[in-house]
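*Asks:* Sequence:
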Amino acid sequence: MSSFIEESLTEPRDSFGVLWGVSCHTFTQRPPDSSQIFPIARFPPSLSLSLNLPPPQRRGLMPLTLDGQITMEKTPSYFITKEAPERIRAMDGGRTRLIVVVRDPVTRAISDYTQTLSKRTLGTASFEALAFRNRSSGLVEPQWSALRIGLYADHLARWLRAFPRERMLFVSGERLVSDPAGEVGRAQRFLGLKTIVTDKHFYFNATKGFPCLKKAEGSGRPHCLGKTKGRTHPSVDARALVRLRDFYRPFNLKFYQMVGEDFGWE
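Residue 38 in the working numbering sits at position 38 of the sequence shown; the count goes up by one each step and never skips.
By construction, these hints were calculated from the structure, which means they are not laboratory data. Backbone N, C-alpha and C define an ideal beta-carbon position, used for all residues, glycine too. Be careful, since some hints might not be right.
The following label-pair restraints were derived from C-beta to C-beta distances [what the hints assert, rightly or not]:
#1 P142 with T114: 13 to 21 angstroms
#2 P142 with K200: 40 to 48 angstroms
#3 Q143 with E266: 22 to 30 angstroms
#4 G260 with P234: 30 to 38 angstroms
#5 R245 with R165: 23 to 31 angstroms
#6 S136 with E266: 18 to 26 angstroms
#7 R135 with L253: 24 to 32 angstroms
#8 P142 with R239: 12 to 20 angstroms
#9 L139 with K254: 18 to 26 angstroms
#10 S77 with V177: 20 to 28 angstroms
#11 H233 with D92: 33 to 41 angstroms
#12 R189 with A129: 39 to 47 angstroms
Build the full structure now, drawing on both the sequences and the hints.
*Replies:* See the structure below:
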């Protein structure tokens, strides 16, 4: 098999799909059918090695692919980068397909805080101290990056000016955990691939609280999310959660209208 791959690899190609948001590459990068493996390019968050490079140089950074394979690029920061939509459209004339993984913005903000806290870059500041300009009045601090990212409607508006809605697939981060095969199946169909990954390829890891992908028979241990995933979230004051849900509600409703789907966030 390895010799076949070496002989059949073609030149690097521009990405056919761009993947954003809650990390789901664990489920899409390693499908049981090797003919549909997605080589995934990852660029630094600064985008200095992606959007700012001339197309030939950027293409040279992409992984090699086999005929019949597609190349995915996973750079979550694209979604909130103002220059990204027009630059990506200019690279391929708008042919790229975009997969956006979204989850409840309040839960997402707490998860972001938990991740950053683990790196000890926030000192001892509490989630509430960062999320509110004035805790007594409940005035939210929308400029805090953990909250600003969750304003999906604002970010999406820029992308809809550069790409038609049918070029975008919105994957539910919640359903990706509760029904991974269903959401990955939607992604496979959206990309024009055979539906290879089904329920039989997943099992739930109770320790992590996330599904794991079973590898092909005899190929080793299942592929699960890394150590940075599944951390226990800190306790957040219930009144703060209510205020944040009130803050996000109009943005969520607008987002539902824009994508034509209700994600059921409170």
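*Asks:* Run every hint past the structure and note whether it holds.
*Replies:* Hints, verified against the model:
1. P142 with T114: 13 to 21 angstroms: 20 angstroms, holds
2. P142 with K200: 40 to 48 angstroms: With Cβ atoms ~44 angstroms apart, the hint holds.
3. Q143 with E266: 22 to 30 angstroms: Between Q143 and E266, where Cβ atoms are some 23 angstroms apart, the hint holds.
4. G260 with P234: 30 to 38 angstroms: Distance hint for G260, P234 holds at roughly 35 angstroms.
5. R245 with R165: 23 to 31 angstroms: 27 angstroms, holds
6. S136 with E266: 18 to 26 angstroms: Between S136 and E266, where Cβ atoms are some 24 angstroms apart, the hint holds.
7. R135 with L253: 24 to 32 angstroms: Since the Cβ atoms of R135 and L253 sit about 26 angstroms apart, the hinted range of 24 to 32 angstroms holds.
8. P142 with R239: 12 to 20 angstroms: 18 angstroms, holds
9. L139 with K254: 18 to 26 angstroms: Since the Cβ atoms of L139 and K254 sit about 21 angstroms apart, the hinted range of 18 to 26 angstroms holds.
10. S77 with V177: 20 to 28 angstroms: Given range 20 to 28 angstroms: holds, Cβ gap about 23 angstroms.
11. H233 with D92: 33 to 41 angstroms: Taking Cβ atoms as reference, H233 and D92 lie about 38 angstroms apart, which means the hint holds.
12. R189 with A129: 39 to 47 angstroms: 44 angstroms, holds
The structure is consistent with each of the numbered hints, conforming to all of them.
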